[in-house]
Amino acid sequence: MPALRSTPRVPAVPAPWIRTRLRAAPAAACALALLVALTAALAAAFPRAVDRYEDAGLAHAVERATPGRTTLWVAAPAPDGASSVQELEQSLRPGALNARNRKIQAAVHAPLYLDPAQSTYGVRTFEELEVPDAWLPRPYGLPARVFLATQTGLGEHSRLHAGRLPRATGRVTATTAAVEGAVTTETAKALHVQVGRVLHVPAAGRPPLTVRITGIVAPRTPDGAYWSADSLLRSPTLKPVPGGGTDPLRYWLGTVLLPPDAAPALLGTRGSPQRYWRFAPDAAALHGRDIAALKSSVASLESGPALREVRSAVDPNADADTDLDTVLTTYDGLRSGVSPLIAVAAFGAGTVAAVILAMAGGLAADRRRSELALLRARGASLRGMSGRLLAETAVVALPAGALGLFAAVLAVPGGRLLPALAAALVVTLVACAVLPARAAAAHRVVRVHSGRQDVTARRPSRRRTVAELTVLAGAAAAVETLRRQGGDGGQLVSAAPVLVAVIAALVLVRLYPWPLRGLARPAGRLRGVVGPLSLARAGRSSASAVLPLLALLTALTTAAFGGSVLAGVRETRDHAALLAVGADARVEAQTTTVLPAGLADRVRRVPGVRSLAEVSISYQATPADSPASVPVAGVGPADYAALTARTGLGALPASALRAPAASGAVLPALASPAVARTYGTRPFPVRLDDGSTVTVRIALVRERTPAVPGDRFLVVDRGALTPEAARPAALLLTGDHIDSAALRRTAGGTAGVQLRSEVRAGYVDSPLQSGAEDVYTAAVLAGAGYAVLALLLSLVRAAPERTALLARLRTMGLTRAQSRRLLILESLPQAVLATAGGALTAWAAVRLLAPGIDLTSIALAANPSAGPPAALHTDTLSLVIPALAVLAVAVGVAAAQAWWTGRRGAVRELRVGDAR
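Residues in the sequence shown are numbered consecutively from 23, following the numbering used here.
Warning: the hint list may mix true and false statements.
Said to hold, decoys possible - In silico lysine to any residue, SDA-like type, Cα no more than 25 angstroms apart, as pairs: (1) K261 - A129; (2) K211 - L158; (3) K261 - D137; (4) K211 - L260; (5) K125 - G175; (6) K317 - A78; (7) K317 - D341; (8) K317 - L158; (9) K317 - P270; (10) K211 - L275; (11) K261 - E178; (12) K211 - R181; (13) K211 - L164; (14) K317 - A129; (15) K317 - N339; (16) K211 - G185; (17) K261 - H222; (18) K211 - T198; (19) K125 - E109; (20) K261 - D155; (21) K211 - S257; (22) K211 - W157; (23) K125 - E178; (24) K125 - A306; (25) K317 - P789; (26) K261 - A225; (27) K211 - T197; (28) K317 - A132; (29) K317 - V349; (30) K125 - K261; (31) K317 - S361; (32) K125 - S257; (33) K125 - Y135; (34) K317 - A305; (35) K125 - L260; (36) K317 - S358; (37) K125 - P327; (38) K125 - S361; (39) K317 - S879; (40) K211 - H179.
What the hints contain is simulated information worked out from the structure, not anything from laboratory work.
Using the sequences provided together with the hints, build the complete structure.
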């Protein structure tokens with residue numbers, strides 16, 4: 023009988039840990055990937071968005087300034103040490119100028135970049151040259167004067183309007199008698215220049231230099247630096263004679279453009295030829311983050327090492343000049359005012375996001391507590407378990423972080439990649455490390471069963487108490503330092519909301535169970551089980567509630583602080599616009615001193631106009647015995663009192679301005695504090711613009727008034743003035759949504775129209791302002807979203823235990839309505855705690871940061887003097903609305919959980935030994 027052959031045993035291959043875990047919990051893996059991708063995208067987008075609006079703000083500041091201010095001028099006279107006339111002529115030729123142009127460019131170092139398309143060089147006469155030709159216009163009997171310039175690139179920067187471009191015939195020298203030239207269309211129109219005309223420019227010791235006009239050109243980009251750095255190249259001007267008094271004589275002054283090869287001919291004139299190089303900055307290549315280096319580079323070119331390089335390369339007498347440093351300083355001031363606000367948003371939203379990642383890891387560790395405890399009990403080392411958890415988390419988090427970075431780069435073009443990469447990497451590493459760290463901390467000691475996790479059953483360890491006290495003392499010390507230093511605390515200012523939230527969270531988590539336990543005893547005497555049970559459970563809430571509470575407090579504080587700042591900016595702009603206009607709209611005479619008759623009746627019928635106040639204004643009124651004039655406004659007391667009441671600008675009763683019935687009586691007047699200090703309450707005569715005189719006595723004093731802008735004014739009853747002085751010069755209108763187009767059509771060309779809404783919109787002058795507001799708003803919204811997520815995670819963490827409790831209570835007769843009330847009442851204490859704590863921390867943060875926040879520079883960057891200094895104050899709506907939103911979300915989630923639990927059966931929850 024043949025022997026049976028045994029089948030060889032194949033050793034079992036264990037399933038890979040990571041694949042098994044991902045297959046066992048795909049929903050948790052997807053949720054973690056979504057959270058990491060979203061957080062990484064927001065973290066990566068933040069620095070790119072900041073770079074983007076800062077760069078746009080800098081480019082706007084440079085472009086908004088005239089090229090005459092931002093262009094870098096390098097000028098040098100003709101060389102003094104030339105050994106011969108030929109050497110002197112050679113120094114003015116295009117080749118020699120171009121060689122020095124390259125050396126000057128080499129002295130301009132990054133981050134200051136030049137725009138080669140708008141940069142140029144050449145030779146020009148330093149002195150004005152008087153041209154005696156009779157065909158040139160002489161509006162005041164004075165002959166016209168010109169500059170001669172040989173600027174390179176004329177053909178590339180202009181279009182021929184008539185004739186041809188000038189050119190040099192043969193080799194031009196200092197003794198050349200005739201050259202060709204061109205003028206712009208504006209110069210030709212003003213000076214009556216035509217193709218073929220000849221100018222005779224005075225020469226030194228020889229017959230005049232003849233300049234024949236061969237072409238008239240039109241600039242391709244009139245506002246570019248090539249044409250606008252020296253506006254006389256493009257447009258002539260009527261220049262007043264120096265020392266001519268208030269009405270001086272004037273003469274025409276313009277520029278004639280010669281070909282670059284004709285530069286040596288300028289040596290034969292009396293114009294003192296000067297070499298020059300003009301360099302326009304490339305606004306698109308400048309970056310707001312380099313503002314300090316940019317200012318240093320410009321300062322070096324004006325009076326530093328770079329200027330020494332320029333002088334050694336060009337001429338010892340060369341000089342450099344620009345107003346770009348002033349433009350950069352103005353921009354830096356606005357940026358310095360905006361940056362602390364953005365840092366506050368970054369710290370707040372970043373803290374909330376970090377708390378969310380920690381809560382997500384804690385939730386995963388809690389759900390797998392039994393599994394990890396069993397692994398430790400079977401001999402798994404702490405290092406090996408943590409390594410496996412890190413590996414399985416990294417498999418999900420790393421691709422999600424990369425995806426978030428890619429989405430941020432696509433969503434926010436521009437900006438640096440490295441800070442975005444670093445931000446996304448930090449988020450990914452934190453997401454990877456949280457679960458292993460929480461698991462290692464929870465299972466450092468091998469145990470199979472863990473007790474209850476509430477406050478009553480397990481007091482916080484001494485180690486945790488010491489850690490909390492250390493953090494509390496550090497945060498309190500930082501807040502006290504910030505309070506003493508005001509706005510000079512550096513990054514400490516930006517972390518103020520987080521510091522205050524940390525203090526509040528640590529204190530409130532330790533304190534709030536005690537009053538709840540105190541209320542549980544008297545509640546136990548009430549009928550029903552819902553109230554006592556909800557209070558008892560709320561008083562035994564988990565000690566780990568510090569993280570969700572910290573997230574809620576930080577988000578509420580950041581949102582309330584941001585809302586207060588944005589509300590303060592809006593109020594500052596509204597007030598400044600009101601001071602500038604005086605009402606919702608203002609119609610004021612421009613071409614004449616008074617408005618046309620009947621205009622007021624026509625304006626009343628313009629859509630949107632609700633009320634109107636007529637005002638006569640004598641701007642040059644002079645009080646007796648005073649050389650200084652004081653504007654005097656005549657108003658109708660009733661209409662003007664209603665206007666001041668509606669606008670809130672210097673409100674007054676109508677009776678205080680109403681003139682006495684007797685003819686020639688003393689008129690009560692409203693005055694500014696400056697005028698009141700000068701004249702007191704005694705009657706004094708005032709001579710009006712029409713020559714009439716009225717006697718007034720100051721009866722009221724107001725800081726501002728709608729009729730007259732400024733801090734010096736008098737306001738009297740218009741009915742007591744002469745008919746000539748009482749004629750209206752301005753109309754002050756109030757109303758919602760006034761039709762600006764219809765108002766301007768009605769006013770016609772004799773009156774100017776100002777709308778408060780348009781003036782207010784003009785204060786948002788820079789992308790730096792609007793961009794910072796958008797980024798801050800987005801950061802606050804992100805923080806609010808994460809706060810809601812923190813609330814949801816805290817409820818999800820307690821959901822299994824709550825579900826089991828409701829299942830057991832329903833077997834004892836608890837109804838569905840009672841279940842809903844139980845969960846809602848149980849969640850209310852923590853929600854109310856977060857609401858009250860958030861309002862308190864927000865108020866404290868505003869008080870701490872107010873000295874360091876300059877709302878005026880943020881709101882009124884284009885015109886900081888348009889309104890009085892504005893201080894940051896707490897906005898009530900910004901405190902109340904986010905707090906109520908948190909309360910509503912908490913109640914809504916609890917009600918939804920109770921409803922969902924009521925729809926499910928209780929059998930599964932009542933199984934003995936079920937893992938939850």
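These are the hints, each one checked on the structure:
{"no.": "1", "hint": "K261 - A129", "in the structure": "36 angstroms, violated"}
{"no.": "2", "hint": "K211 - L158", "in the structure": "11 angstroms, holds"}
{"no.": "3", "hint": "K261 - D137", "in the structure": "31 angstroms, violated"}
{"no.": "4", "hint": "K211 - L260", "in the structure": "13 angstroms, holds"}
{"no.": "5", "hint": "K125 - G175", "in the structure": "19 angstroms, holds"}
{"no.": "6", "hint": "K317 - A78", "in the structure": "18 angstroms, holds"}
{"no.": "7", "hint": "K317 - D341", "in the structure": "18 angstroms, holds"}
{"no.": "8", "hint": "K317 - L158", "in the structure": "45 angstroms, violated"}
{"no.": "9", "hint": "K317 - P270", "in the structure": "40 angstroms, violated"}
{"no.": "10", "hint": "K211 - L275", "in the structure": "13 angstroms, holds"}
{"no.": "11", "hint": "K261 - E178", "in the structure": "30 angstroms, violated"}
{"no.": "12", "hint": "K211 - R181", "in the structure": "16 angstroms, holds"}
{"no.": "13", "hint": "K211 - L164", "in the structure": "18 angstroms, holds"}
{"no.": "14", "hint": "K317 - A129", "in the structure": "15 angstroms, holds"}
{"no.": "15", "hint": "K317 - N339", "in the structure": "24 angstroms, holds"}
{"no.": "16", "hint": "K211 - G185", "in the structure": "15 angstroms, holds"}
{"no.": "17", "hint": "K261 - H222", "in the structure": "21 angstroms, holds"}
{"no.": "18", "hint": "K211 - T198", "in the structure": "29 angstroms, violated"}
{"no.": "19", "hint": "K125 - E109", "in the structure": "20 angstroms, holds"}
{"no.": "20", "hint": "K261 - D155", "in the structure": "18 angstroms, holds"}
{"no.": "21", "hint": "K211 - S257", "in the structure": "10 angstroms, holds"}
{"no.": "22", "hint": "K211 - W157", "in the structure": "13 angstroms, holds"}
{"no.": "23", "hint": "K125 - E178", "in the structure": "23 angstroms, holds"}
{"no.": "24", "hint": "K125 - A306", "in the structure": "23 angstroms, holds"}
{"no.": "25", "hint": "K317 - P789", "in the structure": "20 angstroms, holds"}
{"no.": "26", "hint": "K261 - A225", "in the structure": "23 angstroms, holds"}
{"no.": "27", "hint": "K211 - T197", "in the structure": "31 angstroms, violated"}
{"no.": "28", "hint": "K317 - A132", "in the structure": "11 angstroms, holds"}
{"no.": "29", "hint": "K317 - V349", "in the structure": "10 angstroms, holds"}
{"no.": "30", "hint": "K125 - K261", "in the structure": "36 angstroms, violated"}
{"no.": "31", "hint": "K317 - S361", "in the structure": "18 angstroms, holds"}
{"no.": "32", "hint": "K125 - S257", "in the structure": "31 angstroms, violated"}
{"no.": "33", "hint": "K125 - Y135", "in the structure": "15 angstroms, holds"}
{"no.": "34", "hint": "K317 - A305", "in the structure": "14 angstroms, holds"}
{"no.": "35", "hint": "K125 - L260", "in the structure": "37 angstroms, violated"}
{"no.": "36", "hint": "K317 - S358", "in the structure": "15 angstroms, holds"}
{"no.": "37", "hint": "K125 - P327", "in the structure": "14 angstroms, holds"}
{"no.": "38", "hint": "K125 - S361", "in the structure": "38 angstroms, violated"}
{"no.": "39", "hint": "K317 - S879", "in the structure": "20 angstroms, holds"}
{"no.": "40", "hint": "K211 - H179", "in the structure": "20 angstroms, holds"}
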